[in-house]
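Engineer: Each chain, letter by letter, is given below.
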Amino acid sequence: MAPLLSVEQVSKSFAGNQVLKEVSFTVEPGEVLALVGENGAGKSTVLSLVTGLLAPDSGRVVHDGAPVPRAWSPHRARAAGIGSVHQELSLNPHQSVAENVFLGAWPSRRGLVRTRDLVARARPLLERVGLDVDPRTRAGRLPLGRQQLVELAKALAGEPRLLILDEATSALDEDQVGAVFRVVRELRDQGGSVILVSHRMAELFAVSDRLTVLKDGAVMATRERERTDHDDIVRLMVGRELSDLFPEKAAADPVADPVAPLLQARDLTVPRACSSVDLDLVPGRILGLGGLQGQGQREVLRALFGLDRHTGQITLDGRRVRLSSPREAIRHRIAYVPEDRKTEGVHTARSVRDNLALPSLRTLAPANRLTTVSRTAETRLVADLTDRLRIKAASPAQEARRLSGGNQQKVALAKWLPTDPRVLLLAEPTRGIDIGTKREIYHLLRRLADDGLAVLVTSGDTMELVGLCDEVAVLYEGRVVDRLTGSALTEERLVRASVMGTATESDEQPEEQADDPSGEKTVLLAEELVNDIDDSDRPDPSGSVTHA
Amino acid sequence: MRERITVAARGNTDLLGLLALLLVLLVAYQHYDSSLLSPATVTILSAQFLPLILAAAGQTTVMLLGGIDLSLGAVLGLAMAVFATYEARGAGDVVTAMALALCVAVAAGAVNGALVAYAGLPPIVVTLAASFLWGGVTLVVLPQPGGHVPAGLVEAYNNGWYGIALPAVAVAVALGLWKLLRTTRHGLALYAVGGNEHGAYASGLHTRGVKIGGYALAGAFTGLAGIGLAIQTGSADPTIGTPYTLNSIAASVLGGISFFGGVGRMRGTVLGALVIGLLTNLLLFTGISPFYQLVVQGVILVVALALKTYLTREAAE
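As they're listed, the protein sequences go chains A and B.
Heads up, the first sequence is in full-length UniProt numbering, so the first residue is 1 and it goes up one at a time.
Heads up, the second sequence is in full-length UniProt numbering, so the first residue is 1 and it goes up one at a time.
Derived by calculation from the structure, the hints in this document are not laboratory data.
Some clues are possibly wrong.
Stated by the list, open to error - Label pairs and their in silico Cβ distance ranges:
{"no.": "1", "chain 1": "A", "residue 1": "S108", "chain 2": "B", "residue 2": "Q144", "range": "30 to 38 Å"}
{"no.": "2", "chain 1": "A", "residue 1": "H347", "chain 2": "B", "residue 2": "T6", "range": "36 to 44 Å"}
{"no.": "3", "chain 1": "A", "residue 1": "L112", "chain 2": "B", "residue 2": "G136", "range": "48 to 56 Å"}
{"no.": "4", "chain 1": "B", "residue 1": "G17", "chain 2": "A", "residue 2": "T115", "range": "20 to 28 Å"}
{"no.": "5", "chain 1": "B", "residue 1": "G136", "chain 2": "A", "residue 2": "R369", "range": "42 to 50 Å"}
{"no.": "6", "chain 1": "A", "residue 1": "A365", "chain 2": "B", "residue 2": "Q144", "range": "26 to 34 Å"}
Stated by the list, open to error - To give an idea of the chain A side of the interface with chain B (calculated C-beta under 7 Å), a few residues:
{"no.": "7", "residue": "S96"}
{"no.": "8", "residue": "W106"}
{"no.": "9", "residue": "P107"}
{"no.": "10", "residue": "L361"}
{"no.": "11", "residue": "T379"}
{"no.": "12", "residue": "A383"}
{"no.": "13", "residue": "T419"}
Remember, predicted model here, so these are calculated numbers, not experimental data.
Just so you know, even glycine gets a beta-carbon here, dropped at the ideal spot from N, CA and C.
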């Protein structure tokens, strides 16, 4: 039978950054295909090509036997029977549930959309997804999980033959996930197809027929569900080239040589984001916050910089502090490099010079100069920082937006250094920047730690956390579920804890790993992995990252 | 009856505060002008308030799309000038002049919408530039105050036509049509695009078309406001439209229209416009210096808006 959808050799780049490399896969009628991969592997991008939100640079998408037209759009995709639910909600929070279910395709009689009609038609769809709400409720009033189910009902309203669920279960509880899977199976039994993206391994194995693994924008392998298992898939997801990408870790063993923590957070809670998080930031060490996207990592950092309202105790040097605003945090010599550098990290319209000087204005423009900026001191500071971090700018007067992403990130970090911070918070410090600059940033962070800073990093890139950090705390639904350090800090463990939400194996001694009953299998799978990579003509990754 | 009132109150909780403010103003007004509730006064007041009410309706349409229309006053002036310079003498002429003025206003709105939708320019920039453009065109059409409106029409509009307050009827018709629009796909699309533009696009809505249509509709409201103002004053003035830009924004915001789009109802805007109109009149009655009138008006608006924001925030949490 001809596949319902086939994605053929598609590539896509954003601003010179290639996010899809000749990706190919097919979906048969009556099949559930799972797309698996780490954050940033390219899953959502490839699905956006199918739903018409993006167009490929090369390659093509063939739907229903014919290549999709050049002017493919969400409107046409929907008309062609492709329904989709994305993690990012497309509901209008101000309209009713019923109005949202039929968004853009409201049923009307003689030009008029009757509320009674809308409500009556929405009811069976809502029932199908197991949602017991009044269709007249404003969508924005529902909790996130229920909104996601409304999205599903909305996708079903288009009577799709291909349903795309991109992280559609991320905010759902167990019962709700069950309802979604009932819909998926129903659709499959009626000959429809489903593409499923989820980070929760158990979910993928529960309903999919085949699994396609993406890594760094390329397809690693496609497996029949019966012929694979969790370990196999995790193996395919992780592992990359070895290089001197990461600096050596802190020599000191935290157990043998305990250092008093500089910043202690106890019971840190940010409403709707994280609860009862305990963290110790130690001078000289880099602590990582891991987990799937949106498990509260971002909010922990924001709370520690006084950006998000929080409860719990934070002590600095043993003294209780209140971090109620960034001003307060900066006064305590805490620095923060935010996730979105273009809106929060740098002032894109201002010069490199202005950006670098901004946090130091207090010293550059002292009261005895009537708070005018000393140009000589500023020039010295800017020259020093551009030199030290090797910021590549045409001149200090260049606008920050004209810098490459990597250099922007360097500016976002460099500007804090003259303020002599003791605690450095970084969110996704290397997202979207090239490998060379990544390496420079990793080494810089390590040098800063060696100089006595306490560093806290969040990242969706497991390799980065494993390679860079001395310890990683894994967050799952806002709670710390595992803490990995030393030889227990491996990509596999990290991914496993992230997707399972429990501290698997963390009680075992690392030495016992060799005797691990699954060890033999792991080796086998690793060979298979290498074979797969040979097939696809990729460099040998030789397993996961190791450290001396 | 009581039940009806409670149901109506429950459906309009967001407007109760505004209604209370309106009531206070009406009571105060009654104090200065005891003939307030007579048919003659209602007719005169509705004639006086119609332009602002319709202008606010236009502003609201654009704001529901997440935009703002700074060219509203200029377009209003243009429609007024076109209508009056046609020098209509008979009933047929009047209809032609109205159609012409309305077409010009709708076209101006559609141009705004197209620039916002296709050029991707921020509405505030597009409509600011457009305000100079249409203001200039108005001066070309009518360099000085002038033009002509049939006296019978002016009389019927301002003093009632067989005892019927025509402006009040016009506002009621406009509100009815708006209610009808809201129950069509186009009305729902307007709110959907304003509430979550990306989501609407991803759901297959033709968001650009919706925007152009919305701005064009705003142009229609504005054009009607301009025609109303010409009939009320009996002639046209090329610069009289300017204050309507900011007044219409104030009325919309008072009426609960969000600057971010997708939130608010037309009936709120109408109440908001009534409050602003009554307040202006009332301050005239008090006889205080016009300069202080502006100060008082500003203070009342700020207090009302602050109170409203505070109360709705409480309700949301």
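Engineer: Could you run down the list of hints and mark each one as holding or not?
Structural biologist: Each hint, compared with the structure:
1. A:S108 x B:Q144: 30 to 38 Å: violated, 49 Å
2. A:H347 x B:T6: 36 to 44 Å: violated, 53 Å
3. A:L112 x B:G136: 48 to 56 Å: violated, 41 Å
4. B:G17 x A:T115: 20 to 28 Å: holds, 26 Å
5. B:G136 x A:R369: 42 to 50 Å: Once the Cβ atoms are compared, 49 Å apart, the range 42 to 50 Å for R369 (chain A) and G136 (chain B) holds.
6. A:A365 x B:Q144: 26 to 34 Å: Violated - the Cβ-Cβ distance for A365 (chain A) and Q144 (chain B), about 55 Å, lies outside 26 to 34 Å.
7. S96: Violated. Min distance 10 Å.
8. W106: With Cβ-Cβ at 5 Å, under 7 Å, it holds.
9. P107: For P107 (chain A), the interface hint is violated, since the closest Cβ of chain B sits about 9 Å away, which is over 7 Å.
10. L361: violated, 30 Å
11. T379: Since chain B brings no Cβ nearer than about 36 Å to T379 (chain A), farther than 7 Å, the hint is violated.
12. A383: violated, 38 Å
13. T419: violated, 35 Å
Of the hints listed earlier, those the structure fails to meet are numbers 1, 2, 3, 6, 7, 9, 10, 11, 12 and 13, in rising order.
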